[in-house]
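Count along the sequence shown starting at 1, add 174, and that's the number in the numbering used here.
If you are wondering where the hints come from, they were derived from the structure by calculation, not from laboratory data.
If you anchor each label on the Cβ, the simulated ranges turn out as follows:
{"hint": "1", "residue 1": "GLN248", "residue 2": "PRO315", "range": "40 to 46 Å"}
{"hint": "2", "residue 1": "VAL252", "residue 2": "ALA313", "range": "28 to 34 Å"}
{"hint": "3", "residue 1": "PRO386", "residue 2": "ASP212", "range": "38 to 44 Å"}
{"hint": "4", "residue 1": "VAL176", "residue 2": "THR263", "range": "25 to 31 Å"}
{"hint": "5", "residue 1": "VAL303", "residue 2": "GLY259", "range": "26 to 32 Å"}
Built from N, CA and C at the ideal position, the CB exists for glycine as well.
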Amino acid sequence: PVGIFGSAHDDPALPDPAKTGSLPLADLPYFGAGPALDLDALLAARPDLVVALTYGGGQVYGIDPEAAKHLEEQIPLVVLDVGGGRSLTGIRDRLTALARSLGAGPDPAADAELAAAERRLTAVAAVPVRSRVLALSPAGPDSVHLARPYAWPDLAALAGFGVGLVDPAPGQGANWSTTTWAEAAALEPDLVLTDVRGNAAALGDALGPRIPAFSWNPELPPSAREHARFLTAVAEALEAVRP
175 PVGIFGSAHD
185 DPALPDPAKT
195 GSLPLADLPY
205 FGAGPALDLD
215 ALLAARPDLV
225 VALTYGGGQV
235 YGIDPEAAKH
245 LEEQIPLVVL
255 DVGGGRSLTG
265 IRDRLTALAR
275 SLGAGPDPAA
285 DAELAAAERR
295 LTAVAAVPVR
305 SRVLALSPAG
315 PDSVHLARPY
325 AWPDLAALAG
335 FGVGLVDPAP
345 GQGANWSTTT
355 WAEAAALEPD
365 LVLTDVRGNA
375 AALGDALGPR
385 IPAFSWNPEL
395 PPSAREHARF
405 LTAVAEALEA
415 VRP
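Let the sequences and hints guide you as you build the complete structure.
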């Protein structure tokens with residue numbers, strides 16, 4: 175890659191390390207984020223292709239509509255839909271197909287690592303009494319966004335492997351149910367997956383010191399190796415909270 179850019183939630187000056195996977199950030203130009211995207215700098219880098227995402231509806235995620243239109247007039251733009259209804263496997267396969275079309279070779283070691291991680295998580299989750307797992311994004315001292323499991327491809331994948339995800343009461347948003355910390359604690363989770371992206375607040379002791387917390391990136395890089403690491407980490411966290 176000749177550079178990267180972020181979304182409107184990101185710092186316009188620095189990329190979010192939680193979302194960039196194994197990219198060599200020290201060697202990659204960062205063109206800003208959201209309204210602060212530096213189109214002139216991006217165009218000056220002379221990329222052959224720009225890859226962006228959408229969560230449905232045709233709107234490019236992280237780029238203002240006018241900027242996206244101007245960009246598309248100058249450079250070929252590939253927009254991959256990662257919105258509701260897309261499976262984690264489907265998203266990974268589409269990105270893999272794009273990478274192969276651009277010359278990347280197969281990575282059988284990463285594929286084997288992913289298959290092993292899937293088997294391990296399935297085995298760990300196959301217990302008579304499943305641990306209650308709650309995914310959330312801290313919003314501040316008074317409120318928290320609780321993730322709706324089937325609105326997030328990675329959480330839906332965990333449920334498919336047998337992980338006991340807590341589904342909160344419906345809220346105003348399709349992806350999140352915003353509530354108080356007291357109501358979140360009342361769901362009695364055994365394990366919390368907490369959003370570690372730069373725009374999320376810190377979890378701290380909002381749910382008390384006795385509930386184990388595991389770092390969760392809702393915008394998981396879509397590669398076999400990154401998915402294998404995520405599934406392995408969830409399996410290890412579940413093993414640690416077993417009675």
